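Sequential numbering from 1030 applies to the sequence shown in the numbering used here.
I should point out that these hints are in silico values taken from the structure, not numbers from a laboratory.
These numbers were taken from a predicted model, which means no experiment stands behind them.
Yeah, the Cβ is synthetic: ideal placement off N, Cα and C, and Gly gets one too.
Errors might be hidden in some of the hints.
Distance windows between CB atoms, simulated [claimed, not checked]:
{"#": "1", "residue 1": "Arg1155", "residue 2": "Ala1044", "range": "23 to 29 Å"}
{"#": "2", "residue 1": "Arg1150", "residue 2": "Glu1039", "range": "29 to 35 Å"}
{"#": "3", "residue 1": "Leu1108", "residue 2": "Asp1146", "range": "30 to 36 Å"}
{"#": "4", "residue 1": "Arg1155", "residue 2": "Arg1134", "range": "18 to 24 Å"}
{"#": "5", "residue 1": "Glu1069", "residue 2": "Met1115", "range": "19 to 25 Å"}
{"#": "6", "residue 1": "Gln1072", "residue 2": "Ala1095", "range": "25 to 31 Å"}
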Amino acid sequence: MPDGPVIPLERTFDALYGLRIDMESVSEDEVRATVPVRDEIKQPMGLVHGGVFASIGESLASMATAVAVAGDGKQAMGLSNATSFMRPITEGNVHAVARRIHRGRTTWVWDVDISDDQGRRCAVTRMTIAVR
1030 MPDGPVIPLE RTFDALYGLR IDMESVSEDE VRATVPVRDE IKQPMGLVHG GVFASIGESL
1090 ASMATAVAVA GDGKQAMGLS NATSFMRPIT EGNVHAVARR IHRGRTTWVW DVDISDDQGR
1150 RCAVTRMTIA VR
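Given the sequences, and given the hints that come with them, work out the whole structure.
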(Lines of atoms letter the chains of each structure in order from A and count residues from 1; the text may use other names and numbers.)
(Lines give C-alpha, C1' and ligand atoms only; values in the text may rest on other atoms or scores of the structure.)
Protein backbone atom coordinates (compact mmCIF):
# COMPACT_ATOMS: atom_id res chain seq x y z
CA MET A 1 0.00 0.00 0.00
CA PRO A 2 1.17 3.56 -0.58
CA ASP A 3 2.58 5.21 2.54
CA GLY A 4 1.18 8.68 1.88
CA PRO A 5 -2.37 9.97 1.47
CA VAL A 6 -4.36 8.61 -1.45
CA ILE A 7 -6.69 10.32 -3.91
CA PRO A 8 -10.30 9.37 -3.07
CA LEU A 9 -11.86 7.27 -5.78
CA GLU A 10 -15.19 6.38 -4.17
CA ARG A 11 -18.03 5.58 -6.56
CA THR A 12 -15.68 5.09 -9.53
CA PHE A 13 -14.63 2.09 -11.60
CA ASP A 14 -11.19 2.39 -10.00
CA ALA A 15 -12.79 1.87 -6.58
CA LEU A 16 -14.39 -1.37 -7.80
CA TYR A 17 -11.05 -3.01 -8.46
CA GLY A 18 -9.32 -1.29 -5.52
CA LEU A 19 -6.93 1.25 -7.05
CA ARG A 20 -5.02 3.25 -4.44
CA ILE A 21 -3.07 6.16 -5.89
CA ASP A 22 -0.26 7.57 -3.79
CA MET A 23 -1.21 11.25 -3.84
CA GLU A 24 2.31 12.35 -2.91
CA SER A 25 3.60 10.73 -6.10
CA VAL A 26 1.21 12.46 -8.51
CA SER A 27 3.11 14.82 -10.80
CA GLU A 28 3.21 15.62 -14.48
CA ASP A 29 6.14 13.18 -14.79
CA GLU A 30 5.25 10.20 -12.60
CA VAL A 31 2.53 8.60 -10.47
CA ARG A 32 2.47 5.44 -8.33
CA ALA A 33 -0.34 3.20 -7.15
CA THR A 34 -1.20 -0.22 -5.74
CA VAL A 35 -4.12 -2.61 -6.00
CA PRO A 36 -4.60 -5.28 -3.32
CA VAL A 37 -5.20 -8.68 -4.91
CA ARG A 38 -8.52 -10.26 -4.01
CA ASP A 39 -10.70 -12.92 -5.60
CA GLU A 40 -13.05 -10.41 -7.25
CA ILE A 41 -10.31 -9.10 -9.57
CA LYS A 42 -9.04 -12.52 -10.64
CA GLN A 43 -10.02 -14.44 -13.74
CA PRO A 44 -11.25 -18.06 -13.37
CA MET A 45 -7.71 -19.49 -13.44
CA GLY A 46 -6.81 -17.51 -10.29
CA LEU A 47 -4.69 -14.81 -11.94
CA VAL A 48 -5.30 -11.07 -11.69
CA HIS A 49 -7.41 -10.26 -14.77
CA GLY A 50 -5.55 -8.53 -17.59
CA GLY A 51 -8.23 -5.87 -17.69
CA VAL A 52 -7.16 -4.77 -14.23
CA PHE A 53 -3.62 -4.14 -15.50
CA ALA A 54 -4.94 -2.19 -18.50
CA SER A 55 -7.27 -0.20 -16.23
CA ILE A 56 -4.45 0.72 -13.88
CA GLY A 57 -2.39 2.04 -16.79
CA GLU A 58 -5.28 4.07 -18.18
CA SER A 59 -6.19 5.55 -14.81
CA LEU A 60 -2.68 6.56 -13.80
CA ALA A 61 -1.78 8.16 -17.12
CA SER A 62 -5.14 9.93 -17.43
CA MET A 63 -5.05 11.25 -13.87
CA ALA A 64 -1.48 12.55 -14.01
CA THR A 65 -2.09 14.25 -17.35
CA ALA A 66 -5.37 15.74 -16.12
CA VAL A 67 -3.66 17.18 -13.04
CA ALA A 68 -1.01 18.79 -15.23
CA VAL A 69 -3.34 20.36 -17.82
CA ALA A 70 -6.28 21.38 -15.60
CA GLY A 71 -4.72 24.76 -14.85
CA ASP A 72 -4.88 25.55 -18.57
CA GLY A 73 -8.59 24.68 -18.69
CA LYS A 74 -7.91 21.45 -20.59
CA GLN A 75 -9.04 17.87 -20.09
CA ALA A 76 -7.25 14.56 -20.52
CA MET A 77 -8.74 11.32 -21.82
CA GLY A 78 -7.37 7.96 -22.91
CA LEU A 79 -6.67 7.64 -26.63
CA SER A 80 -4.73 4.37 -26.85
CA ASN A 81 -3.93 1.57 -24.40
CA ALA A 82 -1.52 -1.26 -25.25
CA THR A 83 -0.83 -3.66 -22.39
CA SER A 84 1.57 -6.61 -22.58
CA PHE A 85 1.59 -9.36 -19.94
CA MET A 86 4.78 -11.10 -18.81
CA ARG A 87 4.13 -12.76 -15.46
CA PRO A 88 0.92 -13.49 -13.54
CA ILE A 89 0.07 -12.06 -10.15
CA THR A 90 -2.03 -14.32 -7.91
CA GLU A 91 -1.66 -12.78 -4.44
CA GLY A 92 -0.34 -9.78 -2.53
CA ASN A 93 -0.45 -6.42 -4.28
CA VAL A 94 -0.19 -5.11 -7.79
CA HIS A 95 2.27 -2.20 -7.89
CA ALA A 96 2.33 0.35 -10.72
CA VAL A 97 4.55 3.24 -11.69
CA ALA A 98 3.56 5.46 -14.62
CA ARG A 99 6.26 7.62 -16.20
CA ARG A 100 5.63 10.25 -18.85
CA ILE A 101 7.78 9.81 -21.95
CA HIS A 102 6.23 12.51 -24.19
CA ARG A 103 4.46 15.78 -23.51
CA GLY A 104 2.93 17.23 -26.65
CA ARG A 105 0.38 19.94 -27.25
CA THR A 106 -2.46 17.48 -27.96
CA THR A 107 -1.11 14.11 -26.77
CA TRP A 108 0.95 12.78 -23.90
CA VAL A 109 2.50 9.30 -23.86
CA TRP A 110 3.16 7.25 -20.73
CA ASP A 111 4.86 3.95 -19.92
CA VAL A 112 3.41 2.08 -16.95
CA ASP A 113 5.42 -0.67 -15.25
CA ILE A 114 3.36 -3.16 -13.27
CA SER A 115 5.04 -5.45 -10.76
CA ASP A 116 4.34 -7.85 -7.91
CA ASP A 117 5.39 -7.65 -4.25
CA GLN A 118 8.79 -9.12 -5.15
CA GLY A 119 9.45 -6.29 -7.62
CA ARG A 120 9.20 -8.56 -10.67
CA ARG A 121 7.85 -6.89 -13.80
CA CYS A 122 4.50 -8.52 -14.62
CA ALA A 123 3.06 -6.22 -17.29
CA VAL A 124 3.77 -3.00 -19.15
CA THR A 125 1.30 -0.53 -20.57
CA ARG A 126 1.94 2.16 -23.19
CA MET A 127 -0.76 4.78 -22.80
CA THR A 128 -1.49 7.71 -25.11
CA ILE A 129 -3.60 10.47 -23.60
CA ALA A 130 -5.47 13.06 -25.66
CA VAL A 131 -5.37 16.62 -24.31
CA ARG A 132 -8.32 18.80 -25.34
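To see whether the hints hold, each was checked on the structure:
1. Arg1155 / Ala1044: 23 to 29 Å: holds, 25 Å
2. Arg1150 / Glu1039: 29 to 35 Å: holds, 30 Å
3. Leu1108 / Asp1146: 30 to 36 Å: Since the Cβ atoms of Leu1108 and Asp1146 sit about 31 Å apart, the hinted range of 30 to 36 Å holds.
4. Arg1155 / Arg1134: 18 to 24 Å: holds, 20 Å
5. Glu1069 / Met1115: 19 to 25 Å: holds, 23 Å
6. Gln1072 / Ala1095: 25 to 31 Å: Roughly 29 Å apart at Cβ, these two residues keep to the hinted range, so it holds.
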